[in-house]
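Colleague: Chain by chain, the residues:
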Amino acid sequence: MELLAKSNFSFLRGASSPEELVNRAAELGHHSLGLVDHMGFYGSARAHAEAQKVGVKAITGATLESISCFHQLTILNKSRTGYQNLSRLITSLHCQPEVDAFAHHDITGTHAILTPESLLKPTKANLLSAAKKLLRHFGKGNVSIALFRHFRRGEDRINQLLRDLGDFLKIPVIASNSPTCSQRSDRLLVDAFTCLREHKTLDDAGRLLEQNGERFLKPPEVIRNLFTGFPQAFHNSIALSEECSEFSLANLGYHFPSYRDPDTGKLFTDREQCEYLRKVVQSGLRKRFCNLSEKHCQQIDKELLTISKLGFSGYFLIVWDLVRFARSQGILCQGRGSAANSLVCYAIGVTSVDPVKSGLLFERFLSENRQSWPDIDIDFPSGDRRESVIQYVYQKYAPRGAAMTANVITYKPRSAFREMSKILGFPESIANRFTDLCSSPKVHDASREPVSEEVSMSNYYPGDKVMELAGTIEKSGIPPSHPRFKPLLRLYHAVLHCPRHLGQHSGGMVFCDDGLDHVVPLQPAAMENRTVLQWDKDDCEDLGIVKVDLLGLGMLAAMEDALKICERRGRPVNLAKIPKDDPATYDLLCRADTVGTFQVESRAQMATLPIMQPRKFYDLAVEIAIIRPGPIVGDLVHPFLNRRTGREQIEYIHPDFEPILKRTLGVPLFQEQVLRMAMVIAGFSGVEADSLRKAMSFKRSDKRMNAIVNKLKTRMSDRQVAPGVQQRVVESIGSFALYGFPESHAISFALIAYASCWLKVHRPAEFYCGLINNQPMGFYSVNTLLQDAKRHGVRARPISVTHSMITTEVIDDNTLRLGLHRLKGLRQKTMERLIEERSISPFASLDNFLLRVCPNIKERRILAAAGTLNNLPEVEHRRDALWQAEQLPFDDLFTEPQNREQVLEMMSPAERLQTDFSLIGATTGPHPMKLWRKEQNVDLATSASLFEMPHGMPLIIAGLIICRQRPGTAKGHCFISLEDEFGIANLFIPRKTFHRFKLIITGESFLLVQGRLQITEGRQPTVYVTSLQPLGVSGELATVSHDFH
Amino acid sequence: MNYAALHFRDLALSSLLTRDGIPPDQPAALLSSGERKKSHLIAVNQAARQFDIHSGLRTTRGLARCADLLLLDPDSTAEKSARSETLAFVDSLVPDFELTTPETYLLDLSTLLMASEADWIAQTIEASTYLALPLQVGLGKTPDLAHLASLCPNQADPLTLKLADLVLAKTFPLPHAPVLQLWGLQTLADLAKLPRQGLAERLGKELARLHDIAHGKHHRLLTLYRARDHYRVTHQFDPPVESHEPLLFMAKRLLQTLCNRLHHHQRTAAEIQLTLAFDNGAAHARKLILSDPSLSPDVLLRTLHTHLETVKAPAPMEEFHLELTPTLPRHAQHQLFSRGLKDPNEFADTLRRLSGILGSNRIGIPYQINTHRPDIVALSPVISDFKTPLAPGILPVNQLPLKRQRPPIPVHVASEKRGRYHHPLALLTGPHKGQIHRARGPFPLSGSWWENGWQQAQWDVELQDSLLLQLAFLPPKQWHLTGIYA
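Chains S and D are the protein sequences, given in the same order. Counting in this note's numbering, the first sequence runs from 1 upward without gaps. Counting in this note's numbering, the second sequence runs from 1 upward without gaps.
Chain S on its own, in the form it takes in the complex (with noise of 0.2 Å):
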């Protein structure tokens, strides 16, 4: 009957998790415990969750700072109204903590609880006060007074005021300890916490810690002892926690928002819902198809009824209404993830795949043997356009109706060595140590171990457990033999993993008809014009609570805006329109010509790409789907590359498996291949292929998944399904989940890269041009792009005050003109102003100019530097640019032209070439490669050469790295792409080679290489390295290469 313990969900004013306290109680033999979080219902959930499990109530309640004449003051709840007034009344503290909550909030069904620590200043008159005013607001019979026992002077002084105050008004007096931990030993951590909170260190903190270590969660027993002098107050707790059992928050009172009548407002009842999502997916597919198949039409009626008897038809009509609504923007969007299983999904518009056609499971989308809600992932455009669906549904569902899952920032390796040696005085430098050498935080594994009670720092770290870390932190710079290595193991240990604080979900919403402030409190998110509910996702979908992921898409972007340039020109793409059969994009996929594309330009994709070579639109989702950091890099080849080279024979495992697996070759390659398996071959239902599924989700479990692996042979077994054949059964299950991809999502982003494909083959200018408008975004730089472009027979001119747009403008179908906004240190309002003035009249001259668009100096030399006030009259060259504007003309009425004379040289092709990449991160001059194979005269190989060399040929290369990837299940192995004037060549450097050169190859952006040529399968040249070193290119250039180790 604990009621007033606080968990680490209180951020820096508890000490031990939800779970931690709620499995400690129960150990205790509490039938109840109150958790009253700081200014939330943080933990609650998590609590409720851990309070099922093990048998105990869980009461919610919080903790308020601040409020009216109260430092602090703890609320619980009595009722599921007093939990939603309770909610309101914390959103409203977050949001408008300027209002005055008591006067504007209806506080029924809650209950105060007077602490000793409610006041800075508990004295009589003040108590008195106080206490009074709760009586007011609260009414009589929901107000107590809790007196606490940590054994400290002056506590009996203050528990006998508290005391008579309840007997002078009446008011019944509870006993509690208010833990802020659930073991004696966590006092550390609340001890640092205070620190951190406090920023200050262990030794500057002196009276703001704990006296001692008794504010922890204690027996029932033991509470009772320690109020033998005044047993009623016991015994009031336990009277308040009963009356506060009565809610929880199974109890929550969430439905997920109705449809609303188009035309009435009004909300629609789930049979009008039904009908209506019926109209709604008659119109789409009366859309999407001419004739509408049998097959087709009983997939349609099949989903209609699942949807109808779990009572989802309004969610699929709101998802339908953020679509059209998104598309009425112009806004392109597309479904992902298993939604695309749905034939109602693709009748509405939300995903592009016929599920039918494809031959795609429903079940692994929707089952009436499922419980939980469906789950529908939405891409957007990412930026401005997704931001405004999402202000969308704020709108809608305004006002507080809705809002963005959280996210719980945990303590990781790095951040939590950071702060704990930070509190205890260790220099910042030590930490930034640590940083470095611990690159890979499964270095430290956090195993912790049980603690002595004492209060002595030499028995809560065995040393032995430690070592690994240990290490770590002593080559960091504190010895084992330091006074505080211990003490920072020991804290270090105790922060891992608890949170830090909240951040927001990437994309996941949630909303409500009635106000969502009344099921979670909400509270401003750091983004304006966004809150974030107190839970995160799992919280949600334990609570039953329904989220939309409205995620964030650049390649979308760059593809609605190719587009909208497409249309504008004057030939309009529909990409729902495009053939999927066009010969010309599978030719570029064939080539690996895919730089750009969505998906499939990665270096793995493009090495993959010839070997596969792509001919039909299944092809591309195979190829996305097999292409995962795990099996194509180093040395593996996937088994169906193999199968599909002819190297390998196609086999099904089983017979029974040949339906299942023929598409992919007798290789299951998708989550719903794996699910058809155990159904077919040992009897799983629904709801078991379910749980495979979830086990060999991305969380991996291995004790999940050794469980329904188990069950699967167990099943197997009692079928007399071959030993041989269960055997081979687990191992593709096992080896599937290291790469794990739902068929419906390779299919839906397949989709995305062939219309990027396809548009790069025949919109190549507004392609080119909604990437550049769209970074940073994809895999290469915006020079590569252009680089790339320039292949393709795409020139970008520079940027030009005269004629270039904020954005990158096509030209023609040859010819782009870079954006303003590619200058870096050009502000948005000076461009603004630069189109204004422009559109007003031309600029007559460079004072005009200047005198106009009032650039700052920054901006002046950058415009100068760059190339782009050269077609301004009277501006010779860029560094006559410079010199005129930097100082700034004299605007007076009478100005006689000047004889200017040239002061300053022009600048050399390398100098502008420099100029170039520091300013604007890319050239629309000649490649540095042409300009040093100019210089240098020498006579080396080529990326494009390479195409004409025989394999095993000693060779010479050069050029720029624009990619380096050294994963690692590479076994060491390093990859690199580099760039010259011709194209992109591939290196292949061995593990030694690496390590022998090693700092060249991480701190150099120009490399001449010695090495061997490979003609890989698919006829890819790859430089296999033998010996390199920097290439002398004068002057530094500012090139971005994209790296991942």
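Note that these hints are calculated values from the structure, not bench results. Since the structure is predicted, the reported quantities are computational estimates derived from the model, not experimental observations. For every residue, glycine included, the Cβ atom is placed at its ideal position computed from N, Cα and C. Among the hints, erroneous ones may be present.
Pulled a few chain S residues facing chain D out of the computed Cβ check, cut under 8 Å [unchecked claim]:
1. F151
2. G206
3. R207
4. G213
5. R484
6. R861
7. A865
8. V875
9. R879
10. E886
11. H995
12. L999
13. G1003
14. E1004
15. P1030
Given the coordinates of chain S, work out where chain D should sit on it, guided by the hints.
Modeller: Just chain D, lined up with the frame of chain S:
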């Protein structure tokens, strides 16, 4: 040419190379402090420059360009020693010179007779070979031109100096270096070619000044270097003396001389550094800080005298050194900001006498340490400028006045363990023995668990005779009588 500049290039690095006997063809660089992986090179030698390694480069890139690059951490001792050697060398060349930067000296040649400038340079370089440090000599008609010339290797024209090198040298302010780079200016000559007015209008007067320097139109006076041991005196006793009197007699005379010198340079003494050498090889060195900087030989002598009274000589004294640290005199209007003490030096003298009797660690102003640990105080040093004392930040929770036992008295207590804590029943030893009539507590306190943790449980007890005491139990089994309530 009236001026010469001697530039010991990369002195910090060169001093280390010289000390360790590293040959000049070994590429070497000096590292910045901090993590080596993130460090950069702060100085490189000529051999390293051959590999396109320059200061400011990341260490990893430096190693990538020359795997044989020798990386050295700065060593202030070696650098200081090299500086004093170069100083002595320059002092031997001319009477008047300026210590412009730690690596550069500007010499006034107007008083020097020389056959030819080239000969003088050759002789100077020849004379410096014993230093084994790279030396660049420059001559100029103005000090700054000479300085610029010394930054160029091989006595090249100062106008050939690269602006990038000028930025690295940090001796001439070059506030718009990135702009000059954008303008394509490589050398000082390029800058000198620009129209002065246009340059001044665009980039301000500092660059116009540099323009003037390059054209020899800017002249300035040297800030002549004066050695610090000007305020240091040494006296040897023959035979060694066995009492303070002869020392004080000599000190009085010498202090008068030193005070005169200080007065001549408008300085006062802030501290006295005294070193005594005894004939058994022992030595005694002490820095005596004056509470109030003074030029009075009497004040200085009294300070010295008081200190000497606390010194026990292990053997006859054969030599002593006195050095005064100069500081600017205090300027304050009479009684405008009245001091806490009329005569701070007299107060300091008293303190010094007290510390001689009690020990220096037992003199100070006590203050309460911010901790839950009871009755813990520390001493802050006594300063002569007294301020209003701060009110104690920590007030006792008890209402009753407590007379503390300092130190607490160990007592034997009959006790009974109830739960986690020992409950006192009777005091068996100590000044107040007897059965405990009533007890309130425990009040457990603990802290400093991160270093030398402590814990105790306090009890307030009442004896049969109504005497109220405060007891403390210190685990594992110690009891202390910590105070008596009034």
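Colleague: List, from low to high, the hint numbers that the structure doesn't satisfy.
Modeller: 8 and 11
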